[in-house]
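*Asks:* Letter by letter, the chains look like this.
2 protein chains.
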Amino acid sequence: MAVGRPQPLPSLPALAGFRLATAACGIKNGQSTRDDLLLVAMDPETTVAGVFTRNRVHAAPVALCRQRLTGGRARGVVVNSGNANAVTGAQGMADAVEMTRLAAQALALPEEAIFVASTGVIGVPLPMARIRAGIAPLGQKMAPGGWLQAAQAIMTTDTFPKLAVRTGVLDGRTVTMIGMAKGAGMIRPDMATMLAFLFTDANVAPAALQTLLERGVESGFNAITVDGDQSTNDTALLFASGQAGNGRLEDPDAPGAAPLAAMVTEICQALAQEIVRDGEGARKFVTVTVAGAATPAEAKQAAMAIANSPLVKTALAGSDPNWGRILAAVGAAGVAVDPDRLSLWLGEVLVVEQGRLAAGYAEEHGAAVMAGEEIAIRVELALGTASRTVWTCDLTHDYITINADYRT
Amino acid sequence: MAVGRPQPLPSLPALAGFRLATAACGIKNGQSTRDDLLLVAMDPETTVAGVFTRNRVHAAPVALCRQRLTGGRARGVVVNSGNANAVTGAQGMADAVEMTRLAAQALALPEEAIFVASTGVIGVPLPMARIRAGIAPLGQKMAPGGWLQAAQAIMTTDTFPKLAVRTGVLDGRTVTMIGMAKGAGMIRPDMATMLAFLFTDANVAPAALQTLLERGVESGFNAITVDGDQSTNDTALLFASGQAGNGRLEDPDAPGAAPLAAMVTEICQALAQEIVRDGEGARKFVTVTVAGAATPAEAKQAAMAIANSPLVKTALAGSDPNWGRILAAVGAAGVAVDPDRLSLWLGEVLVVEQGRLAAGYAEEHGAAVMAGEEIAIRVELALGTASRTVWTCDLTHDYITINADYRT
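Protein sequences appear in the order of chains A and B. Using my numbering, read the first sequence as starting at 1 and increasing by one per residue. Using my numbering, read the second sequence as starting at 1 and increasing by one per residue.
Wrong hints could be hidden among the right ones.
Derived DEER-like restraints, expressed as beta-carbon distance ranges [to be verified]:
| # | chain 1 | residue 1 | chain 2 | residue 2 | range |
| --- | --- | --- | --- | --- | --- |
| 1 | B | R66 | A | E373 | 38 to 44 Å |
| 2 | A | A136 | B | D340 | 30 to 36 Å |
| 3 | B | G139 | A | G372 | 49 to 55 Å |
| 4 | B | A143 | A | A336 | 44 to 50 Å |
No lab work stands behind these hints: they were computed from the structure. Since the model is a prediction, treat every value here as computed from it, not as a measurement. Glycine included, C-beta positions come from ideal geometry on N, C-alpha and C.
This is chain A alone, in the form it adopts within the complex (with noise of 0.2 Å):
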C-alpha cells in the first residue's frame, strides 16, 4: 500500500552520450528472473557530481565512489539491486572494485572511470558468481533510450519506477536531463537506500556541477522524510555527457546556468515526492510548511520536526486534526519559537493564530482537511522571513507491519 504515482510516466527519449543494457543475475536469492542489474556506458568527455549519505556506517560502493569523484570524470556506472554491499568488510570493497572491473572489461574501458551503486541486504557478500555472469554479456546489449527498464532494475520494494524528464535552453541549446530514483531512504533498510542517478547531454564543468547537485538534492532528496533514518547506501550521481554543444557551464551562479540549475532542481523533488508517495504503507501525501522563521536553516529545522514526530504521523493516519501534536513538533525543534506569534493552516484552514485557538475554529473544520489524501499544514512564526517546504506521508498500520514483519 503506498499513496502511488500522481501520474503516467513521462515518456523518455534517447539522451545523446548515454547507451544503457540492464541483465538479470538472481542476486538476491539466485532464482529471481526480474533485471537486477543496470550497466550504463558513457561517452568520453562526460563529467559527474555525486552526493552521499552521511551516515557514518557507509556501504563499500559509496566508498569507492567517493575516491573516484574527485577527478570529475566519468565513463560509465553499475547499479545492483537484491544486496547492499554493506557491512561487509574488506571484502565488500573488493567485491565493490570487482564490479566496476567487470563492467570496464564489458566496456572495454579504464575501471577507474567506473562509478558503482549497491542496494539490498545488509552484512551479505554479494553473489559475485552471477555478477560475473549477468556483466559480461552487456558489452554487446548497450543501446540508446531503456530508461523504464533501467528505473525498473534499481528498484527494491518500490512498487513503482520513479523517472523524471526536464529539458531547457542552455547556451542556445536545447538541453535534456533525465533522473530516475528508487527506494525511500532507510524506509527498510535492509532492502535499503535511496538511490538516483541523473544523466544530461549538457556540457558542464565538475566543479559547477557538483554545486548544482549540492543544491538540487538539498532542496529535493533532503527535504523528504518517511521515518528519519538514513541509509548505508544513499547515493545521487549526475553525469554530464556535453553532447548538446552548448559552451562548457563553469559558474554555478551565472544568468546563463539557472536553465540547468531549475531542471536538477525539479527533477530532485520530482523523484523525491514520487519516493514519499511510494513510503511503505502511505496513504497521505504530507506537504509541510514553515514560514516566518528566523534562519532557512530553522525552517527547515522546524519543518523537519513536524513532519518527523510519530505523533504527527499517526495523527495524520487517523485524519485526526490533533493540531496541538504539531505544535508541541514546532516547540520541540530546537528552533526560536515565540508561542504567542505562532499560528497555524491545515490546508486553507486558519486553526491557530497567534498563540490562540482560531476565532470560529471547529474541530469539524480541521477534520475536513485531514479526511483527503494530500494534506497541507502550514506553520508561520512570525519570528523573520525565511520559510521552507518538505514532504512527508503518514505512519500506518501497514508501515508497522511492513517492517515489524518483513525478515521473520
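Guided by the hints, dock chain B onto chain A, whose structure is given.
*Replies:* Only chain B this time, still in chain A's reference frame:
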C-alpha cells in the same frame, strides 16, 4: 496494552512535613467521579527544586512554576489531570494563578508559595468553576500518607500508578524520599505530559536540591524515550521538608551528600522505567547501551538514536534481530563512529564484531533474544571510554491505533 508494572507497589510511609488530599472535580468532562486533583501542603522550612520541559510551546503552569522557583521555598503544590492548560493564552496564566490562590486559601498560606501543574487536553480553558468547588473543601481533609490516591489522581492514560520510595542515612539521620509520576512524555500529547513529584524529609538548601534533581532527571527521565516527542507540560518538582533533622545539606558534591544523590537518581530511574513499561502499545522493555564512545554526550546521542529509530522499534515489535537497522541508526546519529570497530550484542549474543558479522552468529541466535519481553541492545564503539544506558519500548500496532484513532 503495556508491558506492565514489574513488581507490586511499594509500601509507602507517611513523610514528616507533608500532608495530602485529593478531590474528584470532573475536570475532563464534568462527569467522571474519579479523583483528578491533588493538593499537598508542606511545613514552613520546605525547599524546592524544579526541572521543566524545554519545549518552547509550554503551558501556563510551567511558566508560573519557573517564576516561583526563584525563591527556592514552597508551602504546597496543586495538580490537576484532565486538562493541560496549554495553548490557552493570557486566560491560561490567570487560571494557573487562580489555582494557586484557591489552594492557598484552603491551606491559609500565601499564594506565592504554592506550585501548580496540569496535564490533559491542550487548547481548552480550565473549567475553573469545577476546580473552585473541588479545592475549597480540601483544607479540612489534609492528612499524612495517601500516596497511592495521590499517584492515581494525577494519572491520565496511565494504566497503573507509578510510585517509588528510598531511604538512606544523611548526617546520621534516616531520611526518606517518595516519588510519584504519570504519563509518558508526549506519548499521547493531547492528554499529555510527564509529571513527577518527589518528596523528602531531608534538610537541603535550595541550590543543592536543584543540582541533585537536575542530575537525577538527566539519568532518569531524560534517559527514556517512547516516541521522541516532548510535551508542553513536562514538570519534575522535588520538595524537601527538612523534618528529618539532619544538618542542612549545602554542597551536593560533599561526600555526605552521596546517599541523597543516589536516592534522587534511583527514584527518577525507577519512575522513568515504569513510564516506559506503561508506554502506549508497548509490549517490550528495551535497554540500550552504547559503550566506548568518545564522550558521554556522544554515548547518549548514539543510544537515543537507536532508541528513537522507528525501524529499530518496529523490528523489536516483530521480534526481528535486524541488526543492520541498529548499526545504521548508530551511523546516522551524528557521533564519531569507525565502522570497522563497531561491535553489537543482542542480549548476550555477539552479532557484529569489529564491523563484520561475528563468526558463528546465526539468525536464530538473535531471534531467540528478540523473542523476549525484556531486551538488551549493546553497541561498543571502541573509540573511547564513555558509555550510557537509556530505556525504551517497541513500536507496535497498538501505538498506531491509540494515537491515530484517539480523538476521532
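*Asks:* Decide, hint by hint, whether the structure agrees.
*Replies:* Cross-check of the supplied hints:
1. B:R66 <-> A:E373: 38 to 44 Å: holds (43 Å)
2. A:A136 <-> B:D340: 30 to 36 Å: With a Cβ separation near 32 Å, A136 of chain A and D340 of chain B satisfy 30 to 36 Å, so the hint holds.
3. B:G139 <-> A:G372: 49 to 55 Å: holds (53 Å)
4. B:A143 <-> A:A336: 44 to 50 Å: holds (47 Å)
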